[in-house]
Amino acid sequence: MNFGKGCHLHLIDGSAFIFRAYHALPPLTRKSDGLPIGAVAGFCNMLFRYIEDSSGPDAPTHAAVIFDKGSMTFRNEIYDLYKANRDAMPEELRPQIPLTREATRAFNIACEEKEGYEADDIIATLACQAREAGGRVTIISSDKDLMQLVGGGVEMLDAMKNKRIGTEEVEQKFGVGPDRVTDVQALAGDSVDNVPGAPGIGIKTAALLINEFGDLETLLARAGEIKQPKRRQTLIDHAEQIRVSKRLVELDCDTPLDFTLDDLEVKDPDPTVLLDFLTRMEFRTLTRRVADQAGVEAPAIPEAAAPAADAATDLPEQPPFAPDSYTCVTEIETLEAWIAEIRALGHVALDTETTGLNDMTADLVGISLATAPGRACYIPLAHKAEGGGDGLFADDTVAPGQIPLQAALDALRPVLEDPAILKIGQNMKYDAKILHRYGLRIAPIDDTMLLSYAMHGGLHGHGMDQLSERYLSHNPIPIKELIGSGKSQITFDRVPIPEATRYAAEDADITLRLWEQFRPALHRARVTTVYETLERPLIPVLARMEMSGVLVDRDTLSRMSNAFAQKMAGLEAEIHELAGETFNVGSPKQLGEILFDRMGLPGGKKGKTGAWSTPADVLEDLATEHDLPGRVLDWRQLSKLKSTYTDALQTHINPDTGRVHTSYQQTGANTGRLASSDPNLQNIPVRSEEGRRIREAFVAAPGKRLLSLDYSQIELRILAHIAGIDTLKTAFREGLDIHAMTASEMFGVEIEGMDPMIRRQAKAINFGVIYGISGFGLARNLRIPRAEAQGFIDRYFERFPGIREYMADTTAFAKEHGYVQTLFGRRINTPEINAKGPGAGFAKRAAINAPIQGTAADIIRRAMIRMEDAIADLPATMLLQVHDELIFEVDEGAEDQVIAAVREVMEGAAHPAVHLDVPLVVDAGIGANWAEAH
DNA sequence: GTACTCACG
DNA sequence: GACGTACGTGAGTACG
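Numbering-wise, our numbering comes out as the position in the first sequence, counting from 1, plus 3.
Quick caveat, the hints were computed from the structure, so don't treat them as lab data.
Okay, derived cross-link-like pairs now, DSS-like style, lysine-lysine, Cα gap no bigger than 25 Å in a straight line:
{"hint": "1", "residue 1": "K176", "residue 2": "K86"}
{"hint": "2", "residue 1": "K233", "residue 2": "K207"}
{"hint": "3", "residue 1": "K592", "residue 2": "K570"}
{"hint": "4", "residue 1": "K147", "residue 2": "K164"}
{"hint": "5", "residue 1": "K147", "residue 2": "K166"}
{"hint": "6", "residue 1": "K766", "residue 2": "K732"}
{"hint": "7", "residue 1": "K570", "residue 2": "K645"}
{"hint": "8", "residue 1": "K611", "residue 2": "K643"}
{"hint": "9", "residue 1": "K732", "residue 2": "K86"}
{"hint": "10", "residue 1": "K176", "residue 2": "K166"}
{"hint": "11", "residue 1": "K609", "residue 2": "K643"}
{"hint": "12", "residue 1": "K249", "residue 2": "K230"}
{"hint": "13", "residue 1": "K147", "residue 2": "K117"}
{"hint": "14", "residue 1": "K86", "residue 2": "K249"}
{"hint": "15", "residue 1": "K611", "residue 2": "K839"}
{"hint": "16", "residue 1": "K117", "residue 2": "K72"}
{"hint": "17", "residue 1": "K164", "residue 2": "K176"}
{"hint": "18", "residue 1": "K72", "residue 2": "K147"}
{"hint": "19", "residue 1": "K592", "residue 2": "K643"}
{"hint": "20", "residue 1": "K147", "residue 2": "K176"}
{"hint": "21", "residue 1": "K207", "residue 2": "K230"}
{"hint": "22", "residue 1": "K8", "residue 2": "K270"}
{"hint": "23", "residue 1": "K643", "residue 2": "K570"}
{"hint": "24", "residue 1": "K176", "residue 2": "K207"}
{"hint": "25", "residue 1": "K86", "residue 2": "K117"}
{"hint": "26", "residue 1": "K147", "residue 2": "K207"}
{"hint": "27", "residue 1": "K72", "residue 2": "K86"}
{"hint": "28", "residue 1": "K86", "residue 2": "K207"}
Listed next, with one range per pair, are the computed distances between beta-carbon atoms:
{"hint": "29", "residue 1": "G137", "residue 2": "I239", "range": "43 to 49 Å"}
{"hint": "30", "residue 1": "P259", "residue 2": "I239", "range": "35 to 41 Å"}
{"hint": "31", "residue 1": "K609", "residue 2": "L84", "range": "56 to 62 Å"}
{"hint": "32", "residue 1": "A388", "residue 2": "A576", "range": "52 to 58 Å"}
{"hint": "33", "residue 1": "T730", "residue 2": "R287", "range": "55 to 61 Å"}
{"hint": "34", "residue 1": "G203", "residue 2": "D146", "range": "21 to 27 Å"}
{"hint": "35", "residue 1": "G377", "residue 2": "R695", "range": "54 to 60 Å"}
{"hint": "36", "residue 1": "R89", "residue 2": "K233", "range": "29 to 35 Å"}
{"hint": "37", "residue 1": "A388", "residue 2": "K592", "range": "48 to 54 Å"}
{"hint": "38", "residue 1": "I239", "residue 2": "D812", "range": "41 to 47 Å"}
{"hint": "39", "residue 1": "P259", "residue 2": "D295", "range": "40 to 46 Å"}
{"hint": "40", "residue 1": "A576", "residue 2": "R736", "range": "55 to 61 Å"}
Think of the CB as a built atom: it goes at the ideal place given N, C-alpha and C, for glycine as much as any other residue.
All chains, full assembly: derive it from the sequences and hints.
Written out as structure tokens, the structure reads:
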């Protein structure tokens, strides 16, 4: 039926339904897997009741449920703070959103949304169209923002109170008719949507003014005539802000839609489809009611076999580990049977076996799969024949009884690349990179290591052996039993296939069992959002960065290395001369004996092994007494640069790519930071002039340039936000020199012409605060007496009492809950926080630092995850991350464009989940090498 | 394998 | 009142 006169359109505000349902119901979870489902349950109940209620003579001929989509709309372009004070969506609600769309379709009601538009705009557009076509409209919502639409055949219905809202009710609420509602809203503003309005003016006053002057523009034009002086001034001062507010509250009746009213015709639900959905959700009561109504038998919902468990003790009976029960897949037909099983199941645990630990060079040897606890197989693909010997004279013929590698991969490809089949692994970045080299783009993936990290960060490590022991009470077969260790170690392709099967299939089995336990526990630990937004999407980003690698110039390193060696030899001779004997300069023990035992210099301390300790700060103090310690310090610096950087880096240049491919550990740091290894590219020297030159060896490929963009003072900014320090926030907003500002606040000196020494001290305090400051630590850092340092700290806290409160609040929270949190909900467990003894201080400072360092880490993770899309059309590649810095390789000529795009992503990375009170500022540099770019 | 030292944010 | 401390990492070398 074409929409027209006599037709009646119902428009349901879907998002309002969801939030009502979410808040109205306790946190229900689906029995079988613990998925939070309360909002979906409430939503379905509301839809069901709505359908029941809306039958009869006034029944709608057309209906649709309208949803919001995307958190950024055109209103954010008008006013960037629009809805900025909204809390982030609760993490247990997030996974339910797509299910509410599915529910709507299951009820056979049209389900509409549009990226970049609010549901209100779509509702407005449809209501206008229906009105023009001569039909009637009922908007099922009580949202006051929709009241401007009322009139001319458009009504609202508050489904909860079952109350109709017509022109009269709108006038009651706003004191004006629907056509002037936006004028009143523009003046009164709205704290919920963060519409500014005119300060000090509420709905009452606004209505008064509009009724007096007729409309908003007339009012603003004639504001000078208002009698009350304060009110008059407010309107004159804030005219522009009021006009912006008006644009924010006005709904868009011209939303471009790719459907028409005719598409929204009411249809009866198909009982089969609806019941299928409801049983999948395990809604028992609703399933029965729907079945009764349709006159069919209610489908059975299996009683939950596996009550979701928190601890191993609650786990359902698990089959024991039986290594001999695993299948070794040697025929393509057997493999096809496993593939069919995986398809039916929808997920699979998977593990790859390779010839080494380096995923850039190791070759695939076999793949193991698991579909249920105790049910796993191993597919050997590249095992070498037995008895062929090893080492130099190894026999490289392949072992018999293996499916040809390419045939196996071709068979697996449709499963591994199927977006509907979840691939579960432990440290999947490794497996994904290996399979990538064989042309497989494995997705989507879930990772037990990251699940553990999101839940248990700070409690223990997240290696498979550790997790298996802790959560499955099972010690896996050690890899050493198969490949040995040390010099006689062999590669996995030389392990006999039966043994390899026991080991490899067990790994997949363990991974699957861990996943079955961790997945539902994630919701209960309230870290689903952390896992889904900060962990899982980062895997492919890191994988691509690692595979890109960075170009390192071997000749530059080699030349530097030679220069360092020469200088060191000279220093070594001088040191021996000064010492009067030759000894190993690199041995702190021998050096300590010379300095403290033989020469009798003061200040020596012994470590726990009884050997002398000779760290740099002690040698610096001694340098005033004798020439030798200074020479040793110079030697040490060169030795470090040579061994760790100029020499070791060369060995990491990949012969195939000519580039250096680091590996990022996503679970490397408890705070959420990444760690880099093999080689560590997050500690390349920069602080000393000599060390910084190492960065000259990190170069852009011909025709390209390196870009470096880093967050300025991100941790201090976060501290200012979290602790709510207004002075600091203002200083950051005004772009002041924050350390000079601190010094000025503390010591009462002018920022202009400040003694650099004073600023340096303030800077040390600012850093100390982030670390959980102590008099001792600050004293040592600044080399001042402890009492003086304590005096600084006291004065600092006096000036910034909010910081002391933050520290006290954070430790109290940690003591009560056993964890602390970042602004994005990342949890850092603090098991030692209630310990007694020296560990207590450590744990306390770590707890103070973790939310700050962790929030910064979350922010750059968010930036990295969004970066790929942001620069997809630009000739740029993201190569490295160094905690607050990202390095890119860019085609010459595109630098400015890329910087603009990257900066926008980085500076806005906290949005929309968190709205910081301080701006994030990103500095950028360009160069032929990293030294120039930084 | 552990301790020490030092490179980075 | 004493004690021991800056937060988070990875890597190379010496040494038992």
